[in-house]
Amino acid sequence: MTASDNNLGKGIGGKIWNLFGSLKFTLFTLFSLAIVSIIGTVIQQNQPQEFYVREYGTWASLILRLGLEDMYHAPWFTVLLICLIINIIVCTIDRFPQKWKATLEGRVDVDVKFIKNLLNNHTLIINEEPQSARERVINILSKRRYRIKESNHAEGLSIYAHKGMIGRFGSDVTHISLLLILLGAIIGSIFGFKDFGAFYEGEVTTIPITDWRINIDRSFYGIPLPLIDRQKIPSDIQLKLDKFWIDYYETGQTKQYNSILTLSDGGREVIKGKQIWVNAPLHYKGITFYQSSYGIAYDRVREASFSLKDSKTQKTVVEPFMVNWNMPFHIPNINYDIKVVGFVSDFAFDATTKTIYAKSTEHNNPAIQVEIYKNGKPISRTWLFYNYADYRTIIPDTNYELVFNGYKGIVYTGLSINSDPATSIVWIGSSLMVVGFLMAFFVFHKRIWVLIRRNSSETAVHFGGMINKNKFTFEKEFLEIVDSMRDIKK
Amino acid sequence: MKVIMSLLFFDMAFWFYLATMLLYFGYWITKREWLGQASTVLAIISTFAISMMLIYRTKEAGHAPFSNLYESMAFFVWVMSIAYLIMEFRYKIRILGVFVMAVAFIAMFATSQLSYRFQDIQPLNPALQSIWFELHVFSAFIGYAGFGIAFALAIMYLIKARFEDRKTPNVLIDRLPSSNMLDELSYKSVAWGFAFFTLGALILGAVWANKAWGTYWSWDPKETWSLITWFVYAAYLHARVTRGWRGKKAAYIAIFGFLSTIFLYWGVSFVLPGLHAYASQ
Ligand code: HEM
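Line by line, the protein sequences give chains S and D.
Heads up, the first sequence is in numbering that gives the first Met the number 0, so the first residue is 0 and it goes up one at a time.
Heads up, the second sequence is in numbering that gives the first Met the number 0, so the first residue is 0 and it goes up one at a time.
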C-alpha cells in the first residue's frame with residue numbers, strides 16, 4: 000500500500016500528503032533540479048549586473064529578475080530542495096511502518112496456491128518421511144545462512160526461510176543520510192564563515208572572524224530593537240607569515256606553494272613556524288588556514304628603480320638606482336632625496352572621491368608615488384607611470400627629469416580562512432550514505448517457503464522463492480537449493 | 000629517441016580493441032562458438048595491453064595515471080573491460096560484448112584523437128598532490144564505467160523490447176538476452192555505478208576539495224555537473240519502482256544519464272571553465 004491507496008487521500012491535506020508521498024513527484028523534483036542546475040552552469044554565476052547586460056542584452060532583466068545569475072541561492076532552487084526534503088520525509092513516514100511490518104512478519108503457514116504463484120517455484124516428489132525431509136530442508140537452508148521459521152498446520156509442514164532483510168532498509172538509510180548531509184550544509188552556511196586574506200612576510204595580522212552579536216543600535220519608534228546579526232569581528236588570534244615560497248619542477252611548472260605560519264592567541268604564541276601547502280592546511284580552534292593562492296602585491300613594492308635624464312638633451316645624467324619602499328634615499332651627485340610612498344598595480348582615479356586606487360590586483364598599469372626633498376624639505380609629491388614614460392616628471396627648479404624604470408614586487412600568500420562547525424555532520428552523513436548503498440545495492444532480501452505434504456506413499460516438497468530484486472541471480476541459488484534436496488543419497 | 004612505453008602499449012591496445020569489437024560483432028552475426036571464444040580471448044588481451052599501458056604510465060610519470068584526459072580515459076576503458084569480463088564470466092552472455100566493446104573502442108578512438116599536449120606526461124600541479132584526489136578519481140571512474148555498461152545495456156534493452164512488443168522474429172535480435180534480463184543487468188550496472196560515483200565523485204571529491212580549497216562544495220561547473228548526473232541516475236533508480244516509469248522510460252533515463260556523464264567528463268573540460276578543467280592545464 001502506498002500513499003495513493005491510503006484513505007488519507009480525501010481532503011486537501013490528504014491530497015498534499017499524497018503528492019509529497021508520491022514517487023512521480025520525486026521524479027519531477029529530481030529532473031527539475033537537474034534542469035535548474037544546468038541553467039546555472041550555462042549562465043555565468045555571480046557576475047556584476049553590467050556583465051549580463053553586455054552578454055544577454057534584453058534578456059538580462061529577465062535573468063536578474065528570476066535570480067538566474069545566482070541560481071543556487073535563488074528562491075526556487077531552495078524551494079525545489081525543500082520539496083525534495085519533504086518528499087523524502089513524507090515517503091518514509093508513509094511507507095516505512097508497512098515495510099517494517101511486512102519484512103519482519105513473513106507469513107509462514109502458506110498453502111500450495113501461494114507457492115505456485117511465486118516467481119520461482121518447484122515441486123519435488125520424494126520417497127521419504129516428512130520429518131526427515133523437513134530436517135534436510137532446514138539443514139540445507141541453515142548452511143546457506145537463512146533464518147528459519149516453522150509452522151505445522153492443516154496444509155502440512157511449512158518452513159519460511161529468509162536472509163538479507165537489512166537490504167530492504169538500505170533505501171531508508173540512504174534517505175536519512177541525505178537529510179543529514181543537507182542538515183550539515185545548512186548549519187555550516189549559517190554558523191560558519193569563509194574569508195580570504197593576502198599576507199606579507201613578516202607582517203602580523205589579526206584574524207577577523209564572523210560571529211553572532213546582539214545588535215541593539217537599532218530602534219523602532221524609539222523602542223530599542225535587539226537584533227541578532229552576523230558581524231565580522233577581530234578575534235584574539237594573530238597570524239604572522241614567516242615565509243612564503245614556491246617549489247618548481249625541473250620543467251618549470253609549479254610544484255607546490257608553501258607558507259610558514261606562526262599563530263598567537265591572546266598574546267601567547269600557540270603555533271610556531273608551521274608549514275602549510277595546498278592540500279595540507281593548518282587547523283586551530285575550529286578555524287582552518289588553507290594555502291589557496293599567491294600574488295604580487297598590488298599596493299606596495301619592495302624597491303623601485305629610477306634614473307635621471309637631462310630634460311633638454313634627454314641624456315642620462317644619473318644611472319639607475321634602487322630605492323627601498325618608504326625609506327628616504329639620497330640621489331647620487333645631486334642635492335635631492337627621494338622617497339617611495341605609494342604604489343598601485345592598476346592605476347585608476349575615482350573622480351567623485353578624488354582617490355587613486357588599484358582597479359585590479361593585476362599589474363596592468365603600475366604607478367608609483369614618490370616624494371622629493373631638497374635639503375630635507377619636501378618640495379614635490381607625484382605619480383609616475385611605468386607604461387607612460389611620456390608623462391614627464393621634472394624635479395622642480397631643475398632640468399632633471401625623473402624616470403621610473405621598474406620595481407621589485409612583494410609576494411603575498413593568499414590564505415583562505417574558513418570555519419565550518421558542521422563538516423563532521425556532512426562526513427557522518429556521507430559515510431552513512433555509503434552504508435545505505437551497501438545495504439540497498441548489495442544485500443538482497445531472499446525468501447523461501449517450503450511446504451511439505453504427505454500424499455499417500457510419497458512426500459511432496461513444494462519450494463517457492465522470492466527476492467526483492469535481481470531475480471536472475473536468485474534463480475540460480477533457488478535451483479541449487481532444490482537440487483541439493485534432490486541429490487542426497489540415502 | 001627514447002621510446003615511451005605507455006604510448007606504445009596504448010597504440011597496441013587501440014588495435015586490439017578494434018579487433019575485439021569486430022570479433023564480437025562477427026560472433027553476433029554468425030553465432031559460431033569458436034568466434035565467441037576468440038572474442039573473449041581478444042578482450043582479455045586488450046585488457047592486458049591497456050593494463051600494461053597504465054602500469055608503464057604510472058612508472059614513467061611517478062604518479063597514478065589520472066592526471067589528464069588521456070590517462071583517465073585509458074583508466075576508464077580498463078575499468079569497463081574488467082567489469083565486462085567479470086560480467087561475461089558470471090552470466091555467460093557473450094552477446095553483451097558487442098555493445099560494451101563498441102563503447103570501449105569508441106572511448107579508445109576518442110582518446111587517440113586527443114592532441115599531443117594532452118597525451119604528454121604532466122607533473123602533478125599542487126592541488127592534485129593528494130591521496131584524496133587519487134581515491135576520488137579511482138572511485139569516480141568505476142562509477143563512469145558502470146554507467147557506460149548500463150548505457151550499452153539500455154540501448155540493447157530498447158531494441159530488444161521493441162521487437163518483443165511487435166513479436167517479429169529477427170535472427171540477430173533473437174540472439175540478444177530477454178528484455179527482462181537486460182533490464183536487470185542494466186539496473187545492476189547503474190547500482191554499482193551509482194554507489195561508486197556517489198562515493199568517488201561526490202563524497203571523496205568533497206573531502207578533497209575541503210582539504211585543498213577549504214570548502215567541500217563550491218558549485219564549480221564540474222561539481223554541478225556531477226550533481227546533475229547524480230540527479231538523473233537517482234531518477235533512474237526511482238523510476239524503476241514507479242508505476243508507469245519502469246522499462247522503456249527507465250532505459251531512456253539510463254541513456255540520458257550516460258550522455259550527462261560524457262558531458263561531465265569531456266564537455267565540462269572543454270566548454271565550461273573551472274577548477275577541474277583538465278583541458279586548460
Ligand atoms: C536525491 C535524492 C534521493 C536519493 C539519492 C535516493 C536514493 C535512493 C536509493 C539509493 C534507493 C535504493 C534504490 C534501489 O534499491 O534500487 C532509493 C529507493 C527509494 N526511494 Fe529514494 N532517494 C532520493 C529521493 C527520494 C525521495 C524524494 C523519495 C520520496 C518519494 C524517495 C523514495 C524512495 C522509495 C519509495 C524507494 C524504494 C523503496 C525501497 O526500496 O525501500 N527517494 N532511494
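Please note: incorrect hints may appear among the correct ones.
[Claimed, not checked] DSS-like, lysine-lysine: derived pairs with alpha carbons at most 25 Å apart:
| no. | chain 1 | residue 1 | chain 2 | residue 2 |
| --- | --- | --- | --- | --- |
| 1 | S | K470 | D | K210 |
| 2 | S | K254 | D | K58 |
| 3 | D | K248 | S | K271 |
| 4 | S | K193 | S | K100 |
| 5 | D | K248 | S | K470 |
| 6 | S | K358 | S | K373 |
| 7 | S | K407 | S | K193 |
Since the hints were made in silico from the structure, they are not lab data.
Margin query: Just to be careful, I want the Cα atoms of S/K193 and S/K100 compared with a cutoff of 25 Å; is the pair within it?
Written below: violated, 47 Å
Margin query: Hinted pair, alpha-carbon criterion (25 Å max): S/K470, D/K210. Please report holds or violated.
Written below: Violated: S/K470 and D/K210 sit about 43 Å apart, past 25 Å.
Margin query: What's the verdict on D/K248 and S/K271, does the C-alpha distance respect the 25 Å limit or exceed it?
Written below: With Cα atoms ~61 Å apart, D/K248 and S/K271 exceed 25 Å; violated.
Item checked: Hint consistency between S/K358 and S/K373 [alpha-carbon to alpha-carbon, up to 25 Å] -> The given pair, whose Cα atoms are some 33 Å apart, is violated under the 25 Å limit.
Next item on the list: Take the C-alpha atoms of S/K407 and S/K193, compute the straight-line distance between them, and say whether it is at most 25 Å.
Entry: violated, 31 Å
Check: For the pair supplied as a hint, D/K248 and S/K470, is the alpha-carbon distance within the 25 Å limit?
Finding: The given pair, whose Cα atoms are some 20 Å apart, holds under the 25 Å limit.
Notebook entry, point to check: Taken at face value, is the distance from the CA of D/K58 to the CA of S/K254 at most 25 Å?
Noted result: holds, 19 Å
Hints 1, 3, 4, 6 and 7, counting from the list given before, are not met by this structure.
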